[in-house]
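The lines below spell out each chain.
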Amino acid sequence: MSSLHQAHHVDAPARLGGQGRLARFVARVPFGFWMLTPLLVLIVVFVAYPVVYSLYLSFTNYRFTNPDASQLVGGAQYVKLFQEGAFVHSALLTAIYVAVSVSIEVVLGFALALALWRQERIRNLTRAILLMPMFVTPIAVGLAFRYILNQQLGPLPAALGHLGITYDFFGPGRALYSLAAIDAWQWTPLMLLLLLAGLESLPAAPFEAARIDGASRAMIFWRVTLPLMMPVVAVAVLIRMLDASKVFEYVYAITAGGPGTQTESAQYLMYETGIRYFDLGQAAAMAFVFVAILSIPIILLYRQSRKGQLA
Amino acid sequence: MSTTTAGPSTRRPLDVLAKVLVVVAVVVVALPFVWIAFNAFRSEADLGDPSSLAIHPTLSNWSDVIAQGVPAAALRSAIIGLITVAVAVVVGSMGAYAISRSRQRSAPMRFGILASTVLPPSVLVFPLLAIAVRLHLNDSLLIVVAAHLTFVVPIVTWFMVSFFDGVPRELEEQATIDGYGRFAAFRLVVLPTVLPGLGAAGLLAFMFSWNDLFYALILAPGNARTLPVAIAGFNTFQGIKLGQMCAAILVAAVPVVILSFFIQRHLVRGMSGGVLKY
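From first to last, the protein sequence lines stand for chains C and Y. Using this note's numbering, the letters of the first sequence map in sequence onto residues 575 to 885. Using this note's numbering, the letters of the second sequence map in sequence onto residues 576 to 853.
Treat the hints as calculated values from the structure; they're not laboratory data. The structure presented is a predicted model; accordingly, all values stated were derived computationally and were not measured. By construction, the Cβ of each residue, glycine as well, lies at the ideal position given by its N, Cα and C atoms. Wrong hints could be hidden among the right ones.
[Claimed, not checked] A few chain C residues facing chain Y, derived, Cβ under 10 Å:
no., residue
1, Pro604
2, Leu614
3, Ala689
4, Thr700
5, Pro763
6, Ile813
7, Ser819
8, Ala857
9, Phe862
10, Pro871
[Said to hold, decoys possible] Derived coverage of chain C by chain Y (criterion: at least 3 residues anywhere in the stretch with Cβ under 8 Å from a Cβ of chain Y; other residues may be distant):
no., region
11, 659 to 669
12, 675 to 688
13, 713 to 727
14, 821 to 829
15, 843 to 855
Just chain C, with the same shape it has in the complex:
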């Protein structure tokens, strides 16, 4: 028994004598380490090595058209990235996109979760339908909405036309918000899923107490439900923020960054820079600045998830 417990510790003494044969070696190294090895190898080879290589690329002028001529250029790629302004522009509009889409998603998702809460009878089928969008490949969603919202051929502009309304969903000043709305169509379901699960795991006692005290529904919501739900809301919002910040498919399918550069999201700009202009060094530098920005919510998410586990 006690040896079993000891074996859980990754740092159990694993001194290896020169005479240690393979079997001894296998027995000495803790079981947990062996179980972890395939994962570690895979992460090192497929994630850590590319990340390091990417970091190296960002300090070179590597171009696809002539990889052999690439040389170290120090921080020039990073300087260029801030001088040219395209990256800053794309980072800002990505931030607007994330703020708009995630705000819609959390409000609608919370409202729907509350509406479905404690509705056992209708919940399963309704939930199954409401969750459908989040499983579809985003490129398909993008193309579907490019059609549905298309000014000449789309059914929605046609229907609006009958009401005397002309609205170009992908016109200047509007395209970014239309893309954010598509994001909300696809991802409010995820918010609903997480928040409904959060609601259903809430303890019953505070609600009983509030009811006995004669609290109104509004008061129960603001004083009991919302405070209890805040950790779950925070995790759900951060999950969505991180994901929405990588928006690529809708842009690729619908606007290709236009009108002008109004929907040139960070991820799309990196794709264009690396693939269309073969400038892998610059694209890698952009990716790292992007990661630096994203690491803030990642750390927040982690803190929040630890807090949730302790609760």
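Please arrange chain Y on chain C, whose structure you already have, making use of the hints.
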């Protein structure tokens, strides 16, 4: 909130509002699906007039989609997905078990896994492309599998940690007393108890692989193109190819939507790292 004792007669405006909201949401979610499915069977002439719902049912959109290699692309996506899932489920469940059971040092490992699940693909895709070109692996299924492993393995691991956390240690302690080796105890005693979670993780992993555009588009845009890349190729409004596009969208969407019905119950628990149980 809702006092469930309230009968239909005492229903308050808020309850009515909730019902209306749900109905509207179902319509908003379902209509695009219905529209795409409807138009996949309409003729070119029908599609030309957005104000008309006329339909001359035809399968020509589908034969066009087949002629343009969509089934082959779907097969490639399925192969990539299955290989990715097979590797991810084995490696991920073993690693997740080790993480779940290690009392010390578990926190940084959990964080490392979580961080890799949210790593933006743009960080990895360019070095992977450079490596693939050097190894002459670009535009091959293998490089796409490698790329998908970078995000699928961490997701499966993250997913499974929460399920293993729910398995009492006494179970494997009893198994070792009964004479099982440590690995046998894991494989024959612990793993079966988390099988539903593992199945859900596998299906979710398959969907993630099946749905990826970014990696596949950059690493394998040609002969090895996957289904999302092939579908992106219908992104042309030259001529009226809308019917074909709708059919192609359905090919991508229908399988995963069906699969999704099997995993919904387990999704929350796995995704929230065990913070939420459903």
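Does Pro871/C pass the interface check with chain Y, least Cβ-Cβ distance below 10 Å?
Check passed: Cβ of Pro871/C comes within 9 Å of chain Y, closer than 10 Å.
Would the hint on Ala857/C be counted as holding, given a Cβ-Cβ threshold of 10 Å to chain Y?
Given a least distance of 5 Å, the restraint on Ala857/C holds.
Hint check, Pro763/C versus chain Y [nearest Cβ-Cβ separation less than 10 Å]:
holds, 8 Å
Satisfaction of the Phe862/C interface hint, Cβ to chain Y closer than 10 Å:
Nearest chain Y Cβ about 7 Å off; hint holds.
Status of the Ser819/C interface restraint (C-beta, 10 Å, chain Y):
With a minimum Cβ separation of about 8 Å from chain Y (threshold 10 Å), the hint on Ser819/C holds.
Three-residue Cβ test at 8 Å for the coverage of the region 821 to 829 of chain C by chain Y:
holds (count 4)
Let me know if the C-beta of Ile813/C comes in closer than 10 Å to any C-beta of chain Y, holds or violated.
Holds. Min distance 8 Å.
Given Ala689/C was flagged as interface, is its beta-carbon under 10 Å from a beta-carbon of chain Y?
holds, 4 Å
Given Pro604/C was flagged as interface, is its beta-carbon under 10 Å from a beta-carbon of chain Y?
At 9 Å from the nearest chain Y Cβ, Pro604/C passes the 10 Å test, so the hint holds.
Examine the region 843 to 855 of chain C: at least three residues should have C-beta closer than 8 Å to a C-beta of chain Y.
holds (count 5)
Verify the coverage statement for the region 713 to 727 of chain C against chain Y, using a C-beta to C-beta distance below 8 Å and requiring 3 or more qualifying residues.
Since three or more residues must qualify, the claim that chain Y covers the region 713 to 727 of chain C holds, with 11 doing so at under 8 Å.
For the region 675 to 688 of chain C, do at least 3 residues have a Cβ located nearer than 8 Å to some Cβ of chain Y?
Since three or more residues must qualify, the claim that chain Y covers the region 675 to 688 of chain C holds, with 4 doing so at under 8 Å.
Of the numbered hints listed earlier, the single one contradicted by the structure is hint 11.
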